[in-house]
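Chemist: Working from the sequences, and respecting the hints, build out all of it.
Per the working numbering, the very first residue in the first sequence carries number 1; after that it's consecutive.
Treat the hints with caution; some may be incorrect.
[Claimed, not checked] Restricting the straight-line Cα-Cα distance to at most 30 Å, the calculated cross-link-like pairs of lysine-lysine (BS3-like) are:
1. K462 / K484
2. K221 / K242
3. K253 / K433
4. K280 / K129
5. K280 / K270
6. K28 / K60
7. K242 / K280
8. K280 / K221
9. K129 / K270
10. K129 / K484
11. K294 / K309
12. K60 / K462
13. K127 / K338
14. K280 / K338
15. K221 / K247
16. K462 / K433
17. K253 / K129
18. K221 / K270
19. K224 / K242
20. K543 / K47
21. K253 / K338
22. K338 / K287
23. K218 / K242
24. K247 / K224
25. K127 / K543
26. K338 / K129
27. K520 / K459
28. K270 / K242
29. K221 / K253
30. K127 / K14
31. K224 / K270
32. K218 / K247
33. K247 / K270
34. K253 / K218
35. K543 / K433
36. K543 / K14
37. K47 / K14
38. K14 / K68
39. K129 / K14
40. K270 / K253
By construction, these hints were calculated from the structure, which means they are not laboratory data. For clarity, every value in this text was computed on a predicted model and none was experimentally measured.
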Amino acid sequence: MEPVLSELLSIRQKIIDSLQRAAVRAQKSGKLPQVPLSRVSVERPQKPEHGDYATSFPLKLARAAGLKPLAIAEIITGLIPGNPDIANIAVAPPGFINFTFSNEWLTHQVDNILSAGDTYGNIELGKGKRVQIEFVSVNPTGPLHVGHGRGAILGSALASVLNIAGFAVEKEYYINDTGNQIGAFSRSLFARYQQSLGIDAEMPTEGYFGNYMIELAKEIKDEKGDSFINLPQPEAESQVGKIGLAKMISRIKQDLELLGVNFDVWFSEKSLYDNGQYSKVMSMLNKGGHLTDKESATWFVSTALGEDKDNVVVRSDGSATYFATDIAYHYNKFVERKFEQVIDIWGADHQGHVSRMKAVVNAIGIDPEMLEVIISQMVTLRRGGELVRLSKRSGDIITLREVMDEVGVDACRFFFLARSADSQMDFDMELAKKESQDNPVYYVQYAYARIASILRLAKERKISFYNGDVSLLATEPELSLIRKMLILPEIVELAANTLEPHHLTYYAQDIATAFHSFYKQCRVVSDDEPLCKARLKLVASAKLVLAKTLRLMGMTTPETM
RNA sequence: GUCCCUGUAGCUCAGCUGGACAGAGCAGCUGCCUUCUAAGCAGCGGGUCGAGCGUUCGAAUCGCUCCAGGGACGCCA
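Modeler: Put into structure tokens, the structure is as follows:
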């Protein structure tokens, strides 16, 4: 599908170009001294009276040029040729130039949005660049909790944004299916399995004590009977562990699907050993002089790359650390699969891992800039103000599943998405439920449902509006709504550039506000047939914009509420 | 001790690639349902943007120093 070039982004570029050319022309004619011209940028003014776009270019130029900013603004403005799309170009103190779209251009965008349809909001920022985004990647040794939910929602929304921003995105879940914790998991599960058969088995001290392990063991007992107790213990642990692991993974998959999160690839850590890539990258690092042996273990010499300490990659017992397989994994991403950009979303507890991972990426000859790590900060779960522990190893936790069941998937997604990954968040379930009446989630969806209701009525009355004349849209609420709808491509651009999908939630509320206000002030289905048709076009285009935004956030679009 | 994140209205948070009098939701207070959904609209009140210094024509935004909260510093992942 070929993305439709955004009219908004192209008119923005035209404004920038016209400013640039006017400045050059001013210099040629001697009105402006020959000083280096910085790159012109335009921004969106906060106040509507300052127009649709504004530049502070004259202010930036003033010092070097030795002229008053206002004078420069006047000179440049005088040299910008007329454009029917721009109704007004105004100079404002202390030296801004403000541009206001013409109503003709604005209203025409309604038709543009309608013809773009589902592709409205798509931009060509990524130019097909191959991006891998890896997130969640929770050890399959326990159920997902709310912190994982946050990462999952962040990752899936970011992937959607990057996708419509023109990147070739691949979503991946890295399954830690080998190593220490899997061993502990298997031993714990086998102990629980024996217990479920009435055998007095002892849980390993490093084991997983959550109730889900007891249920899991019982499930295996019910399905497979007592056949495993006759095997030698290591064999039995391994087999029971394998079954348990598969069950855990499928449970995680189900929870994520319920949350509206899915992956293109489920990548097995174990496969890195099976296909030899782990040994390959280790010998590569060794050849590069990045490894050293001391205290009978093998270390990655990160101090040589500016880190404050070295890190073990192979333990004295010969087993690989988590860091070591992560090196192989990133080698696989960059070298074997040739991703041009890799985004990892990790929890706050992995924050110390970032710089050594970048160092190692550098050591295997990859520009560390190609690896982008987003740290999603902690979620503190509360219930009526009381703190709920999140530790996976100790007993009972509130799972993501329970939270989803209690507050609803849409609300979950919106709440988690509404905060930037950088800030810790308190998630009080009682509050989330209590506030659900006056929730921003419903506010946005309600706007959508109202739109659907209008279009239903129009259909009932058999009003066809394909030939509506959008130039009849002239009142303030109508034009404000159009202006808000136009921003979507810029929001997509912003979210993709900063990797911050939380902007979407604020945009969604903005557009809902503009619509609710329009709805209150402008009757759509009426006897004034030409106006009715024009407004139906506006409403239909608003539906597209709202649907697109909600879908990007992974939320549902209810036709009625 | 070192490193990372955060500190903006009573509460939860946007804004932070410097720009025009600091924003939203919730909570509080006023009004508005004979017409497409009042889960809505219109309005009011509420902030020394943690503190200080600096850079700049201009700082919530950049730099430095403090203070406070959270997290990380394992041959765990």
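Chemist: Taking each numbered hint in turn, which are not upheld by the structure, reported in ascending numerical order?
Modeler: 8, 12, 16
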